[in-house]
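Next come the chains, spelled out residue by residue.
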Amino acid sequence: MILQIAFRNFTRNSRRFFLLGLAICAGFFFVCTVQSLVAGLSRQINLRGARYYGGHVIVNRGADVPQSADLAEQDRFILDAIHRSGVQPAALSRRTHLGVDGLVFFNGESVTMRRVIGLDWASEGRMISRLQIVAGDPAAMSDPRGAMISDVTARRLSARVGDQVILQVNREGGAVNTVPLWVKAVFREVSIFGYYTVYMDRSVLDETLGFDKGYSATIGVYLDDYRTADRVASRIASAMAGRFSVAPVLSLMKEIRTLLEALTLVSWAVLVLLAVVIAVGILNLYRVIIYERTREIGTMRAIGMQRPQVRNLVLAEALLLAICGIAAGLCMSFLALWAVSRIPLSGSAGLDIFLDRGHLTWVMNGDMLLADAVLITLVTLAGAVGPAQAAQTIEPVVAIRSE
Amino acid sequence: MRKGIMRLLSRRAAVRCGLILTVAGWLLWPAAVIAQSAGSTQDFVKILKQADALVTFPDSDFSALYTFVQENPGQGTSTKQAMVFRRDRDNTYLIVIVKPEEDKGKGYLKSGSNLWFYDPVSRRFTFTSAKDRFQNMNARNSDFTRSNLAGDYKVVDSVRQKLGRFDCWLLDLEARTDDIGSPRMKIWISDDGLVRKTEDYSFSGQHLRTTAFPSYQQVGSRFVPQTVVILDELRGAMINGTFVKERTTYTISRPSLQGLPDATFTKAWLENLSG
Chain A
1 MILQIAFRNF
11 TRNSRRFFLL
21 GLAICAGFFF
31 VCTVQSLVAG
41 LSRQINLRGA
51 RYYGGHVIVN
61 RGADVPQSAD
71 LAEQDRFILD
81 AIHRSGVQPA
91 ALSRRTHLGV
101 DGLVFFNGES
111 VTMRRVIGLD
121 WASEGRMISR
131 LQIVAGDPAA
141 MSDPRGAMIS
151 DVTARRLSAR
161 VGDQVILQVN
171 REGGAVNTVP
181 LWVKAVFREV
191 SIFGYYTVYM
201 DRSVLDETLG
211 FDKGYSATIG
221 VYLDDYRTAD
231 RVASRIASAM
241 AGRFSVAPVL
251 SLMKEIRTLL
261 EALTLVSWAV
271 LVLLAVVIAV
281 GILNLYRVII
291 YERTREIGTM
301 RAIGMQRPQV
311 RNLVLAEALL
321 LAICGIAAGL
331 CMSFLALWAV
341 SRIPLSGSAG
351 LDIFLDRGHL
361 TWVMNGDMLL
371 ADAVLITLVT
381 LAGAVGPAQA
391 AQTIEPVVAI
401 RSE
Chain B
404 MRKGIMRLLS
414 RRAAVRCGLI
424 LTVAGWLLWP
434 AAVIAQSAGS
444 TQDFVKILKQ
454 ADALVTFPDS
464 DFSALYTFVQ
474 ENPGQGTSTK
484 QAMVFRRDRD
494 NTYLIVIVKP
504 EEDKGKGYLK
514 SGSNLWFYDP
524 VSRRFTFTSA
534 KDRFQNMNAR
544 NSDFTRSNLA
554 GDYKVVDSVR
564 QKLGRFDCWL
574 LDLEARTDDI
584 GSPRMKIWIS
594 DDGLVRKTED
604 YSFSGQHLRT
614 TAFPSYQQVG
624 SRFVPQTVVI
634 LDELRGAMIN
644 GTFVKERTTY
654 TISRPSLQGL
664 PDATFTKAWL
674 ENLSG
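Chains A and B, in that order, give the protein sequences. If you're matching positions, the first sequence starts at 1 in the working numbering and goes up one per residue. If you're matching positions, the second sequence starts at 404 in the working numbering and goes up one per residue.
Think of the hints as simulated: they come from the structure by calculation, not from any bench. Computed from a predicted model, the values in this text were never measured in an experiment. Even glycine gets a Cβ: it sits at the ideal position worked out from N, Cα and C. Be a bit skeptical, because a hint or two may be false.
Pairs of lysine-lysine residues, derived as DSSO-like cross-links and limited to a Cα-Cα distance of at most 30 angstroms, are as follows [claimed, not checked]:
| id | chain 1 | residue 1 | chain 2 | residue 2 |
| --- | --- | --- | --- | --- |
| 1 | B | 565 | B | 648 |
| 2 | B | 589 | B | 565 |
| 3 | B | 648 | B | 449 |
| 4 | B | 452 | B | 589 |
| 5 | B | 452 | B | 534 |
| 6 | B | 557 | A | 213 |
| 7 | B | 670 | B | 502 |
| 8 | B | 534 | A | 213 |
| 9 | B | 589 | A | 213 |
Footprint (simulated), chain B over chain A, 3 or more residues, beta carbon under 8 angstroms [what the hints assert, rightly or not]:
| id | stretch |
| --- | --- |
| 10 | 169-178 |
| 11 | 195-204 |
Looking at chain A on its own, in the form it has when it is part of the complex (with noise of 0.2 angstroms):
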């Protein structure tokens, strides 16, 4: 009754209710956005790091490179503890790589690697392959003397898809080796994640490098939804009772996560500056709406309403409004921000790594949605309460003689 009540108020005075609407719209509108592109700056790097790193949660085993016998009772417990953690890995990788040691000639030109990535092409081919491929065929990479180059790197060296280079690397004690690699695919990938990163096979690797061919530096763990990786990272962690470390992929690119993690603190922080500026806008445009329905609301005690009834009809105008307003500001936010990532930002030096193919992506997570949503209808509410208090003390004999 009541609901109904509201719902013909509001749509019959919806002129009066524009302003306030309009407010929560924007409040709603601007959070939602700002979250949505932060959360797609994140997936972004997510998704990259755990391509160059091998996994949303990384295993390091270490320094020391193990013993035949060791290294398959290590693998063992990395193994165990994983499945004892209770973690439901997408995928598990196993890694060699190597830093700045590497180079790769062909035809006379070389190339410093920043990383060269040895890894199991059968458990990470399906994350590899959703590299942009711009030459070439990963599954190709199936042959153990593959590699993956970037297009950078191929065209400092002109190299082409079929074209066999040398890599040269530093074995552990320091004495140079050279494997010769076929190139079997040529990717595009930003800066840092990939300009100078040469994916091959791992055991190759491992045998160039002089290690064990079963070795792996690390062992990782890919996830479905990546922003699990700090809980599952200290549940692996703790399973392993600190034997070796067990770090989120983001741990390992500081700088990044410090700038995401302000810009979450800021989205935030502007989404409370909000809440409050949207409180006491209610606040304020509700006193007068009350102050304007005086003689309504007195008409309404008159034949019979009783004073909470009056309070939560203005509570579920308030509601209403809330509802209102945050579904327009979902659509607008929907239509900007489906306007920014057809931006071409391709040329944007440092903003590269955020980017998917030249364009800003956004992700709207149902868990933040809902949390915006309520708290926008929260502090809607709020703002009601002490006006929607008032109305109901007003006697309808006041109220009616009032102009």
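Here the structure of chain A is known, so what remains is to put chain B in place on it, guided by the hints.
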């Protein structure tokens, strides 16, 4: 009759002798081979030690002016000069670039297994590796240290070969440990004990670098190359359909065995040089 018996005996004796000789031969042959190879290895270690000794200055300091000419096919030629100061008994060297002007004052200080690079612009020392390229040329930082072929390598094969006008031993060397930059090497040592050519190979056998020592100059009782030519087997450029390798040629002039102050082999000296 007696003659017949004697003939029969001598025939039997001859057969027996033959058998004994054959058995002895089979028994002694491996021993002879082992003895010969042991002798050969011993000889080659001696040859390597001699090659080391001829270019090492254990009793005196060494200094000289090195002039480097770097030829990058398709990109032109660049020249650098450096003063090299060596104290082999301490396994120490100090190199300071004197030309061109923009690199003047840059330096390298090797002390034991530590090697620092000094940049006069930032006035900072940074660790570098003996295996790194010297000034982005085809010489390596390790090329300026004392020779230790006999200690670093074992001989796995050998053959006599003529190299130009030199009769040489061509030795296939394998590093004794995994921390030697060039794990495999071919080396041509002429009969006068001097290294005439080397080829560096990676652990897997990839040819990396060829170095030629066409002539030497005598300094006291030791020798110093006059010119060294280094060809990089992996770096170069395709010029008119032919692969032309990068080449570094350096000449060593004004060699001296005069004693150097201890302060020469210090960071402070390098810093003071650039003001």
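So, going through the hints one by one against the coordinates:
1. B:565 with B:648: holds (24 angstroms)
2. B:589 with B:565: holds (14 angstroms)
3. B:648 with B:449: The hint is violated at about 34 angstroms.
4. B:452 with B:589: Cα-Cα ~16 angstroms, so holds.
5. B:452 with B:534: holds (22 angstroms)
6. B:557 with A:213: holds (27 angstroms)
7. B:670 with B:502: holds (20 angstroms)
8. B:534 with A:213: holds (26 angstroms)
9. B:589 with A:213: holds (29 angstroms)
10. 169-178: With 9 residues close enough to chain B, the hint holds.
11. 195-204: violated (count 0)
When held up to the earlier numbered hints, the structure conflicts with 3, 11 and fits the remainder.
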